[in-house]
Amino acid sequence: MQRIYARRLLIATLILIGVLALTFAVLQGGLP
Amino acid sequence: MVKQQTKQRLWIAVYFVLIFAPLLILLLAPRPEGRTFWRDLSVALGFAGLSLMGLQFLPTARLPLLSEVFPLDTLYDFHHKLSIAAFGLSLAHPVILFLHNPHMLRLLNVFTTPWRTKSAVIGVALLILLIVTSVKRLSLKLSYETWRLLHDLCAAGVVGLILFHIFKVNYYTSVPLQRGLWIALGGLWAAMILYIRVIRPWQLLKRPYRVVEVISERSQTWSLVLEPVGHPGAPFRAGQVAWLSVGHSPFSIEAHPFSYASSADHPERIVFAIKELGDFTATLGEVKPGTPVYVDGPYGTFDLDHHPGGNYVFIAGGIGSAPIMGMLRTLADRHDERKIQFFYGNRTWDDVIFREELETLQARLNLEVIHVLQNAHEGWEGERGFITKDVLQRRLSDDYRNRVYFICGPLPMIVLVERALEQLAVPRKEMHEISRKRAFEETRRRIFSENYKMA
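In order, the protein sequence lines correspond to chains A and B. According to this note's numbering, the stretch in the first sequence is residues 1 to 32, in order. According to this note's numbering, the stretch in the second sequence is residues 33 to 487, in order.
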């Protein structure tokens, strides 16, 4: 069952990476 | 003692720090002038990809601190999934740059491009090689040992080259905090490689084992009996796993994971039950007594002591019975009186490994063995087919919801069994599974996948 938690952790990681990367890109380079 | 769950949470916190530190520093520390949205997005994704990639050395390093907290299956499964994610992020970095500015495509020419981009191009090429050979190892007919060597060399090369790339480009790494972080991360990754390749083998060299006998069991299976040489043997818990180097130096890449199948009360005489499946296992019958063996273990949380409970249900398919035998032999040595049900799936009656010993164990333990045969012979009165919900519902004891479950076998079997148990309202926290991906690879592909899909 730990596999299910691992999958959730991976999804959370990818979402957070996406949010942080987009925030950084907007702050640095402005909106595209 | 810190609770298991607290330890898991602490490790997940460490994981988040390691993954997100580069992005948080990008966001929070003073930084150079921005460039364009797309360029900065690609940098952020590239940084995230590299931190994810570097982190891959941790789950597979078999650090006792980590492998005592998370199941081995989960660590390796997580490693596979994270690697694919890291691969995607690392590819997104150049793809966004090229789409945003097609002139940058000229940088792909490794003969003319400067070293700061040459390193990245070679790094990504190695990463593609690493991922393709890992995902398609069997189709490419790569032996486990060749793949392992390629995998380790590529992994070290990729992170080294891409670190070199970001330091040579030196835009956001010009920020001291960002620079310091990447140096620290690089140091951590190098320390992991040093631990895996030098320190741990060196420790193993000091506590060798030797083969006492190789016993032929049913269904092309061998019991490899080992004894420690010059030491009392490493203590282990019933159900745990070790990586064996049989007849090779611990520094070689020839190490394969197997479950302890003997009683945990006797570390001075350990047994591994190994079925002939792949390149290495097919040669086991030729191993002579006296052959040196290095036992890298024990590892894992698939064991009785990690999940103490009232009564037990063991569920295994084929050679998945190896750790279960370790548990049963341990419980028998301890004169344990708890109720145990063992659902054991095999193809035929003749394939049932340890059949005779299971009968004697039933006399020593409060044990009921339920054999489930795919191809039962005429006159067989037991269960037929697979270990399905129907079989479980019919044969599980009335207290089944309060029992602790240990499930070992090929992945399709585990998925099927866990789904069935969930439908029978067995709490998830009471299900512990281990799937021996590598060991079961060939068999799983050949036999189980299709059959279990039909079940």
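It should be emphasised that the hints constitute simulated quantities derived from the structure, not laboratory data. As the structure is a prediction and not an experimental result, all values here were calculated from the model. Certain hints may be false.
[As the list claims (entries may be wrong)] Below, simulated SDA-like cross-link-like pairs (lysine to any residue); rule was C-alpha separation at most 20 Å, straight line:
#: 1; chain 1: B; residue 1: 39; chain 2: A; residue 2: 9
#: 2; chain 1: B; residue 1: 461; chain 2: A; residue 2: 7
#: 3; chain 1: B; residue 1: 200; chain 2: B; residue 2: 180
#: 4; chain 1: B; residue 1: 113; chain 2: A; residue 2: 14
#: 5; chain 1: B; residue 1: 461; chain 2: A; residue 2: 5
#: 6; chain 1: B; residue 1: 39; chain 2: A; residue 2: 8
#: 7; chain 1: B; residue 1: 421; chain 2: B; residue 2: 390
#: 8; chain 1: B; residue 1: 113; chain 2: A; residue 2: 15
#: 9; chain 1: B; residue 1: 113; chain 2: A; residue 2: 23
#: 10; chain 1: B; residue 1: 421; chain 2: B; residue 2: 408
#: 11; chain 1: B; residue 1: 113; chain 2: A; residue 2: 27
#: 12; chain 1: B; residue 1: 39; chain 2: A; residue 2: 4
#: 13; chain 1: B; residue 1: 173; chain 2: B; residue 2: 313
#: 14; chain 1: B; residue 1: 113; chain 2: A; residue 2: 9
#: 15; chain 1: B; residue 1: 200; chain 2: B; residue 2: 174
[What the hints assert, rightly or not] Listed next, with one range per pair, are the computed distances between beta-carbon atoms:
#: 16; chain 1: A; residue 1: 27; chain 2: B; residue 2: 279; range: 32 to 40 Å
#: 17; chain 1: A; residue 1: 5; chain 2: B; residue 2: 388; range: 34 to 42 Å
#: 18; chain 1: A; residue 1: 11; chain 2: B; residue 2: 42; range: 17 to 25 Å
#: 19; chain 1: B; residue 1: 412; chain 2: A; residue 2: 18; range: 50 to 58 Å
#: 20; chain 1: A; residue 1: 5; chain 2: B; residue 2: 261; range: 52 to 60 Å
The beta-carbon is built from N, C-alpha and C at its ideal position, and this holds for glycine as well.
Evaluation of the provided hints:
no.: 1; hint: B/39 <-> A/9; in the structure: 16 Å, holds
no.: 2; hint: B/461 <-> A/7; in the structure: 16 Å, holds
no.: 3; hint: B/200 <-> B/180; in the structure: 30 Å, violated
no.: 4; hint: B/113 <-> A/14; in the structure: 11 Å, holds
no.: 5; hint: B/461 <-> A/5; in the structure: 12 Å, holds
no.: 6; hint: B/39 <-> A/8; in the structure: 18 Å, holds
no.: 7; hint: B/421 <-> B/390; in the structure: 24 Å, violated
no.: 8; hint: B/113 <-> A/15; in the structure: 15 Å, holds
no.: 9; hint: B/113 <-> A/23; in the structure: 25 Å, violated
no.: 10; hint: B/421 <-> B/408; in the structure: 19 Å, holds
no.: 11; hint: B/113 <-> A/27; in the structure: 30 Å, violated
no.: 12; hint: B/39 <-> A/4; in the structure: 18 Å, holds
no.: 13; hint: B/173 <-> B/313; in the structure: 17 Å, holds
no.: 14; hint: B/113 <-> A/9; in the structure: 11 Å, holds
no.: 15; hint: B/200 <-> B/174; in the structure: 35 Å, violated
no.: 16; hint: A/27 <-> B/279: 32 to 40 Å; in the structure: 58 Å, violated
no.: 17; hint: A/5 <-> B/388: 34 to 42 Å; in the structure: 40 Å, holds
no.: 18; hint: A/11 <-> B/42: 17 to 25 Å; in the structure: 21 Å, holds
no.: 19; hint: B/412 <-> A/18: 50 to 58 Å; in the structure: 55 Å, holds
no.: 20; hint: A/5 <-> B/261: 52 to 60 Å; in the structure: 41 Å, violated
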